[in-house]
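Student: Each chain, written out:
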Amino acid sequence: DAMVIQNPRYQVTQFGKPVTLSCSQTLNHNVMYWYQQKSSQAPKLLFHYYDKDFNNEADTPDNFQSRRPNTSFCFLDIRSPGLGDAAMYLCATSSGETSGGIYTQYFGPGTRLTVL
Amino acid sequence: AQTVTQSQPEMSVQEAETVTLSCTYDTSESDYYLFWYKQPPSRQMILVIRQEAYKQQNATENRFSVNFQKAAKSFSLKISDSQLGDAAMYFCAYRSARGTASKLTFGTGTRLQVTL
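As given, the protein sequences belong to chains A and B, one line each in that order. One point on numbering: in our numbering, the residue at position 32 of the first sequence is 32, and numbering is uninterrupted. One point on numbering: in our numbering, the residue at position 52 of the second sequence is 52, and numbering is uninterrupted.
The set of hints was computed from the structure by calculation and includes no laboratory data. Worth double-checking, as some hints may not be accurate.
Quick list of the computed label-pair ranges, beta carbon to beta carbon [as the list claims (entries may be wrong)]:
| no. | chain 1 | residue 1 | chain 2 | residue 2 | range |
| --- | --- | --- | --- | --- | --- |
| 1 | A | Tyr10 | B | Phe64 | 27 to 35 Å |
| 2 | B | Lys70 | A | Leu83 | 29 to 37 Å |
| 3 | B | Ser30 | A | Val12 | 18 to 26 Å |
| 4 | B | Asp26 | A | Ser40 | 34 to 42 Å |
| 5 | A | Asn28 | B | Gln57 | 38 to 46 Å |
| 6 | A | Thr20 | B | Thr108 | 41 to 49 Å |
| 7 | A | Thr20 | B | Arg43 | 21 to 29 Å |
| 8 | A | Pro69 | B | Arg43 | 24 to 32 Å |
Beta carbons: idealized from backbone N, C-alpha and C, even for Gly.
Hey, can you work out the whole structure from these sequences and the hints?
Tutor: Here it is, written out as structure tokens:
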């Protein structure tokens with residue numbers, strides 16, 4: 001089945017130790033998004049890629065970076081995690097072309113990041 | 001900037017009964033899309049139903065239907081014949097029709113409990 005896969009599902013890191021979260025998709029979608037969702041809050045968009053074009057949200061801290069080496073994979077790098085970065089990180093994809101006129105986003109299961 | 005408001009942090013419904021979740025939004029745009037996403041505990045976010053703003057007809061997906069009032073900027077979700085599996089956090093989301101990779105703006109969510 002076509003899907004959005006995130007690895008690992010749970011990640012524990014130490015304060016200040018770089019960490020990389022992975023997302024892959026078999027939907028062949030042009031667009032990949034990274035959201036941060038803190039406990040009991042709505043997801044907040046960090047950035048997205050349209051093909052190879054990177055689009056950063058204005059309020060995303062510099063501590064967060066992303067790479068998209070090919071259509072299928074996208075990585076979220078947190079260079080120096082702080083305690084406030086503990087959250088669920090959601091990857092989502094959408095087609096850059098119309099699909100019934102609506103660009104629905106499809107979400108992965110998320111990676112829960114704990115910072116010690 | 002667009003905003004999405006879900007004024008009910010928690011709702012409860014008995015199995016087989018009907019429940020309505022509220023959502024209002026603020027936008028100056030005339031063309032956009034609205035979504036309801038469901039996020040079960042520790043599971044991934046999935047699309048429940050979507051609505052194009054230019055369509056007057058309310059969207060329906062099996063037991064799920066919406067009441068879209070464009071002038072009032074209201075987009076409520078009705079769940080009929082509630083089932084235990086409907087228990088989840090429900091997020092209302094807005095997406096501009098401009099651009100092919102426009103972000104989703106989420107409300108703060110409504111946690112739905114389903115009781116026997």
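Student: Please write out, lowest number first, the hints stated earlier that are contradicted by the structure.
Tutor: Structure breaks hints 2, 3, 4, 5, 6.
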